[in-house]
Amino acid sequence: MATVAERVKKVTAKVLDLDPKDIKAEDNFTEDLGAESVQSIELVAMFEEEFGIEMDEDAALSVTTVGGAVDFIAHVCKKQGVEIEE
Amino acid sequence: MRLRIIDRPVESRQNFWPVALSRPLWELRCGITSLGEKLEAKAKARDVAYFLPDYLAGVYRTKTSRPVNDPSTLAGGDLLLVDARVKADSFTVPSGHSEVGLDGQGEVLYAYVAAGDAKKVQGGDLEAFLKSAKATLPNVQAKLPTWNYTWDLILASPHQIATDFAALGRNGIEGTVEEPSALRGSRKDVYVAQGAKIHPMVVIDAANGPVYLDEDVEVHPFTRIEGPCFVGKKSILLGTKCREGNSIGPWCRVGGEVEESIIQGYSNKYHDGFLGHAYVGEWVNLGALTTNSDLKNDYSTVSVMLDGKHCIDTGSTKVGALIGDHTKTSIGVLFNTGSVIGAMALIMSSGKPLPKFIPSFGWFIEGVVTKGFGRKVLYETAATAMGRRKCQWTEADRAMWDVIFELTAGPRDEAVKKGRKAMMK
Numbered sequence: 000m001a002t003v004a005e006r007v008k009k010v011t012a013k014v015l016d017l018d019p020k021d022i023k024a025e026d027n028f029t030e031d032l033g034a035e036s037v038q039s040i041e042l043v044a045m046f047e048e049e050f051g052i053e054m055d056e057d058a059a060l061s062v063t064t065v066g067g068a069v070d071f072i073a074h075v076c077k078k079q080g081v082e083i084e085e
Numbered sequence: 000m001r002l003r004i005i006d007r008p009v010e011s012r013q014n015f016w017p018v019a020l021s022r023p024l025w026e027l028r029c030g031i032t033s034l035g036e037k038l039e040a041k042a043k044a045r046d047v048a049y050f051l052p053d054y055l056a057g058v059y060r061t062k063t064s065r066p067v068n069d070p071s072t073l074a075g076g077d078l079l080l081v082d083a084r085v086k087a088d089s090f091t092v093p094s095g096h097s098e099v100g101l102d103g104q105g106e107v108l109y110a111y112v113a114a115g116d117a118k119k120v121q122g123g124d125l126e127a128f129l130k131s132a133k134a135t136l137p138n139v140q141a142k143l144p145t146w147n148y149t150w151d152l153i154l155a156s157p158h159q160i161a162t163d164f165a166a167l168g169r170n171g172i173e174g175t176v177e178e179p180s181a182l183r184g185s186r187k188d189v190y191v192a193q194g195a196k197i198h199p200m201v202v203i204d205a206a207n208g209p210v211y212l213d214e215d216v217e218v219h220p221f222t223r224i225e226g227p228c229f230v231g232k233k234s235i236l237l238g239t240k241c242r243e244g245n246s247i248g249p250w251c252r253v254g255g256e257v258e259e260s261i262i263q264g265y266s267n268k269y270h271d272g273f274l275g276h277a278y279v280g281e282w283v284n285l286g287a288l289t290t291n292s293d294l295k296n297d298y299s300t301v302s303v304m305l306d307g308k309h310c311i312d313t314g315s316t317k318v319g320a321l322i323g324d325h326t327k328t329s330i331g332v333l334f335n336t337g338s339v340i341g342a343m344a345l346i347m348s349s350g351k352p353l354p355k356f357i358p359s360f361g362w363f364i365e366g367v368v369t370k371g372f373g374r375k376v377l378y379e380t381a382a383t384a385m386g387r388r389k390c391q392w393t394e395a396d397r398a399m400w401d402v403i404f405e406l407t408a409g410p411r412d413e414a415v416k417k418g419r420k421a422m423m424k
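Protein chains in written order, with numbering that gives the first Met the number 0: chain P, 0 to 85; chain D, 0 to 424.
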């Protein structure tokens, strides 16, 4: 199974039409990767589908970086009993 | 006579969702007045009180000075309780002796308690009171016509405008009509209320039905208004092709082409785009070129999915969109025939006709329903929109919408899951 970071990068690359290799943990979704508000919504929806979790919109949308998303998703997965590779 | 208008929390009230999610049924419009106003006029009531689902009571109390869900108003005689779905025009108001009118399923449509029978009927709340009335007073099978779906109101509204116009008995020009203007038909069929301003180059065509423009209405140049038509207080028509049969509530901004539609109030359809045989709630904003279909290409009757699953044949070849309160559309949104668009939804154009059902609180983005930025952002937007019309979003509003969020969770959760799957493909 791929790690949370790899899966987050894969989804991010798909939504933002990027190469996963160009995405770094410190990248800001908006400022560095060019995510628009609609794409933020898509990202949250696709992370939920990828990991089989439900995220609180406010909390999820307050995450600004790729690394922050990895930590947040890992936390939600643990809380909701979803197995992940860290 | 003392009148109590009732809207019970029964399953059939969902037939009036999404517009009745956030208001009692008697506040729905048909013609010039609301269903409640029609019942009140019919009963010639001297005092009026209301009973409605508990979650609506907090907000409704801020909108009326009359008692709401107060069981003490059920005490005493010469008391008439009427279900808000009863059509006032067909209702013969009982008098003299007590009676309980039942529909085909044995549900109470109305109950009249004469002065001498007041002590016979007991009950701590409305439901207990109705049960007691049914058990102790004479029952009659009332073959009373009722409003059963939102589209019943849309389809009856044009005729009802003419009936209400005659009943209100107002006509003439009390506001200002700037020249050149054109009035077709009889001046007796036109009422321009005090403070209304009709700019030059406006056509008012009352040849096929009356036109009632309420106080402080403003009609901009190149608007054509075909009767029957009602425009509520402080609403503005902006070069509108206002075709026959529209009932537009107060504080609306309406442009483009509108036909046989009801707009509850405080909603904007500022720009071009067609709205036909639609019912639009309050605080709705329809972006430029938002358009609904109201007629199928094969001229067959229109089906509507009120719950997102089961189709109901309306029996009519013309039904447009039903749109709940606080819903906003982007530019270029295309609604299919007989669409149900929930309340507090946010709709972005997908370049093609949208699904026929979009759940309340759904954010329709990139062709799928998502959770979007969630409730908090929608509430902030609602507060801003209301503030622009000097209305306040209160704690009672938040509490009511929180309940509506839960009431509408089923179809929304399903649609969101479906949307996520579609995105991953």
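It cannot be assumed that every hint is accurate.
Partial chain D-side listing against chain P, Cβ under 10 angstroms, derived [stated by the list, open to error]:
1. F372
2. G373
3. K375
4. K416
5. G418
Simulated from the structure, these hints should not be mistaken for laboratory data.
C-beta atoms are modelled at their ideal positions from N, C-alpha and C, and glycine is treated no differently.
To see whether the hints hold, each was checked on the structure:
1. This hint holds: F372(D) has a C-beta 6 angstroms from the nearest C-beta of chain P, less than the 10 angstroms allowed.
2. Checking G373(D) against chain P by beta carbon gives a least distance of about 3 angstroms; that is within 10 angstroms, so the hint holds.
3. Taken as an interface hint, K375(D) checks out: its beta carbon lies about 6 angstroms from the nearest beta carbon of chain P, inside 10 angstroms.
4. Below 10 angstroms, beta-carbon pairs count as interface contacts, and K416(D) has one with chain P at about 8 angstroms; its hint therefore holds.
5. The beta carbon of G418(D) comes within 6 angstroms of a beta carbon in chain P, closer than 10 angstroms, and the hint placing it at the interface holds.
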